[in-house]
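Chains as they are written, first to last, in this note's numbering: chain V, 282 to 1230; chain C, 2 to 129.
Rather than coming from a laboratory, the hints here were simulated on the basis of the structure. Built from N, CA and C at the ideal position, the CB exists for glycine as well. Heads up, a few of these hints could be off.
No more than 30 Å apart at the CA atoms, straight line, and that leaves these computed lysine-lysine pairs for DSSO-like [unchecked claim]:
(1) C/K113 - C/K46
(2) V/K1127 - C/K69
(3) V/K1229 - V/K1213
(4) V/K711 - V/K737
(5) V/K1198 - C/K55
(6) V/K930 - V/K880
(7) C/K46 - V/K466
(8) C/K116 - V/K1127
(9) C/K46 - V/K1127
(10) V/K1046 - V/K1142
The calculated label-pair distances, taken between Cβ atoms and stated as ranges, are [claimed, not checked]:
(11) V/P1157 - C/K116: 13 to 23 Å
(12) C/K43 - V/R535: 46 to 56 Å
(13) V/Y1138 - C/K116: 25 to 35 Å
(14) V/L1144 - C/K25: 21 to 31 Å
(15) V/A530 - C/N128: 38 to 48 Å
(16) C/I105 - V/K1031: 51 to 61 Å
(17) V/T331 - C/K43: 35 to 45 Å
(18) V/T1131 - C/K116: 27 to 37 Å
(19) C/G87 - V/K1031: 33 to 43 Å
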Amino acid sequence: MDIKAINLARARMYQFLSAMYRDELSLPLIQQMQSSKFLEHITALQKDCTIQDFCSGLAKMASGLQAGTAEQVFSELRYEYADLFLNAGNNPAFPYESCYTTREPLVMQEPVVAIRAALNKAGVHKNPDYSDLDDHIAVELEFMRYLAERAAYNDEGQEQQFTFLRNHLMGWTVEFCAVLASAAKTEFYRGLSELTMSYLFNERMFSFSMLSEQAFSHDYVFILEQMGAAIASLDLGEEYITIADGAEAPDKMRSVNSHCYICLGLCGQEVRVKDNIITGCKGLPGDPKGGGRLCIKGANAHNNTYSAYRLKTPLIKENGRFRKASWDEAMERTVQALKKVDPVQVGFHQGNDFNMWCHDAVMAAYGTPNKVSHRQMCDNPARMANEKNYSEKRPWIDYANSQFILLFGINELATSAGQRKVTLLKQAVKNGAKLVVIDPRRCETAGIATEWIAIKPGTDGAMAMGMCYVMVKEGLYNKEFIENWTYGFEAFQKRLLGQEDGIARTPEWAAEICGVSAETITRLAHEFAAAAPAAGANSWTGVSQGANTLHAVQALIALNALMGCFDAPGGPALISKFKLASPWADDQPKPPNNAAKVKLDKGHLWSGWIPGYFEKDVDEGKLKAMICYFGNPVMSCGNEPSIKRAIEKLDFSCSIDCFMSNTTELCDVVLPDCTYLEQSRVVSDWMYEAFLSLGQKAINPMYQCRSIVSIFSELARRLGFGEYFPWKSEEEYMENQMRNQAITLEELRKVGYYVTNEQEFYKYKTWGSMNPPAGYGASGSTKTGKYNFMNPLAEENGVDGLPDYKDPWADWPELQPDAEFPMITGYFRVLEHEHTSTFWNVALMKQCGTNPVWINYVDAKNLGIATGDEVVITSPWGEIKAKAFVTWDIRQGVLGTAGGFGHKYGLEGDPKYPQFKGFNTNILMPPNVACKWTGTPPLKYIKTNIRKA
Amino acid sequence: MAEILALDDVQDATVLIGKILTKKGHNVHTFTEEDEAIAYAKANKVDLAILDIKLKKMNGIEVLALLKTETPEMRAIMLTGYPTVGTAREAISLGADEYCVKPIDREELEEKVEKVLKAKDKKSSINV
């Protein structure tokens, strides 16, 4: 062979390898590879080839190809392709150079910039029709083909290709091939890894020979001849697939003013983008929510977008395994399944409210009444209390002016770390405000508090009632506010004083229940009253995810009402957001709401789909199918094995998600979602001020992912409701939403936020009601216009609507701890993670990659447990293993651990990264249990025992 | 300037590595015998080990495992004339930072040594 022939043969070999990696192998190509022509050449090569690894790889590939009929091999290889390269499996072989510079699962890193420069220098660019990334191995291999062909036809020097080979392919493919060989289950892909590594090393030797003008290996030339002939029998075509002609200059650096959505907190975020690559995220100066700061999650939000575990194409399950599908096929499969089932038997699990108006409208038009959102799992007791008793689910306290801050089960420093209110809270404490944190664990917020009260789990209501008793009994309450702005005080007073049932809710009564002394309860009541109205009490999931806590939330919020603290400087603020207009223009038809007025599950206050009852609902034939958007019900809704069984028993399930998860893996169809940085929305938000918050697309959707509006609009079109979802671009509906605002979308884009109303105090006096005026929204409303001590919905339903303490096990006796299971176990939230959604993000996992179980020093000593010991935690419903963390910072009798862990995919599930591993406390929960009042599962009240493994 | 240990069963190769890296200002300690290299690493600070995979009594992967047990934070570059998927898997699992192909290319060796030494964090080891 002369040098031209050698270069052409090298080009064919690169083309062949590129074709093996760039997509799943097509059936015709497999048929050609099974043909006698191709196999004859390979057999001939194997007979005389002296390059051992090359032959070994080839033999394995041939064996894989001959393992069955073309159809059988095709099916097997497409399942494997989905597992290895599309992240359907838990041990993917990331085909990107970026992943090997640090051996971390991150794409779009420095190598992409270098690849783009190399392509640009050669007068080509990555073909935009190829939806995968610039540093995909198929692109690099095809670029080598391009350079080899150019050398052959144009008699050009070889330096450029050898430099590229050395600087790129040789720098990472050794590791890639090792990972592929380790992860692959088929002979074909194991062989391909050996063949690739061997070929590239021989190419390197060839480059040495060429550059030093020495003779090159005859063995290598023999391989090229034989492989060239074999490849010629395949119809690989002449065209380039992954690269296209023409140099493309890189785009300049730009800033996108947006809002972070990694924790749904919506802090202002400035996203730096160069050449459609996000280079970093920082706080957006002046933004009301974040005040120019981001927490660690927000600063690493782009590492979710660039996680190498992203889903890239639609997937369809076949024979229990996933394979790649086109959007058309996956959508059609979903729509046909939805058409077969009665919409009242379909559940829509919505873990994300990004452009919720759209997916809500599509599923309502389709006709399903069964929607689960974040609220049922999160803090529905608080919402059902606060949204009915006044107007908002959570009254953020005006920390800047507060003198006394009482937080029950709300760890602001972890859950809202980036938000401006946390800066204000820290500042208030520094300036002398008293912060009292009620939590069985010394959480981060308790760490800066003046006082930490390690209360018994699930008893916050008793402590709050004891404080209320003191205020009422001693006449400390704000009589003017009670008289003019509350409803139900007399009934509440009777309960507190024991005139209703003979049990006065005294501090002594409370102390017996909650383990906090009567003196402390009395003192705190006095201190709160003395500081009022510059005082506030608030709670979150630490209370709400206990059991039976609706009345507890009412009791602790009643402290604010008794002292007239609402909307006072330093008190809990009343929220009002200036509403956006409809996404539908005045002349656009609105979609019908075809959802039947039926409720899947009925509680005392909350009715609808209660996801804690998922398996029961499926077993009773009430649910047959599920659409799940950005949710992970298996890990979050209740007993994990029970929810898993429920989904497995459904006739059909479809998940729309960015990642394969414990839920997604169970679904029949998986649609790849965009992260928030790849799509846009506008919302009205509030953080003392009312403001417009823009979530602005920073980069184009990656791979074949689509925005949620485009996915649901397409679903609507196929379901016959396309006319109601007509928008061709994000701008169309956002401009509609902005048509009642003082600024345009274009103006909002420049800044990212717009304050519609500055902070005001005692707004209700101006409004004449605790509800915001027309044009403004909050998440609830009070039908009396006042603060209701008596929950109006409970009153309507004829159930107890007054604040109180109720035993956590009142409705579920099996929850009560006993001699065999004396410990109460629950999870807590950590700064580094957001529920179950950040466990594919290596930057965050490196900060918090496992979840040891916290146990009090005394309990540990009694049980012979030391920090680092492996322990077994058992409940009547499940058992898990964990590592112990022995500490004084948790109450005796309580076990706690960081939530969100226990993934089968992503960094926890990937055997390449064994250092990341944790467990999910929900495995220990009872199945089919939820609060009978509000539907929230008792995620933080699980009776257990613990022993050294 | 770093303390570099170079181990290759071919003395010429160790001499070449020594020359290249000494010129870059590093202290290079060269060995052709595995036990001598291991003994040296036990008694002295080593920032980076450059290990040939094919040695006399042991292979470079075994030496890497021993050295990593002593000094987990030590960086490592593996040298090989012809790597196999099997040796690559072992080396990566043991935390080798880079691979260099023989014959040694001066520019490549210089670049990789600099890259490995300058990297803020050691590359993650991955189980493959």
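When the structure is checked against the list of hints, which entries are broken? Sort them ascending. Of the numbered hints given earlier, those the structure breaks are 3, 5, 7, 10, 11, 13, 14, 19, listed in rising order.
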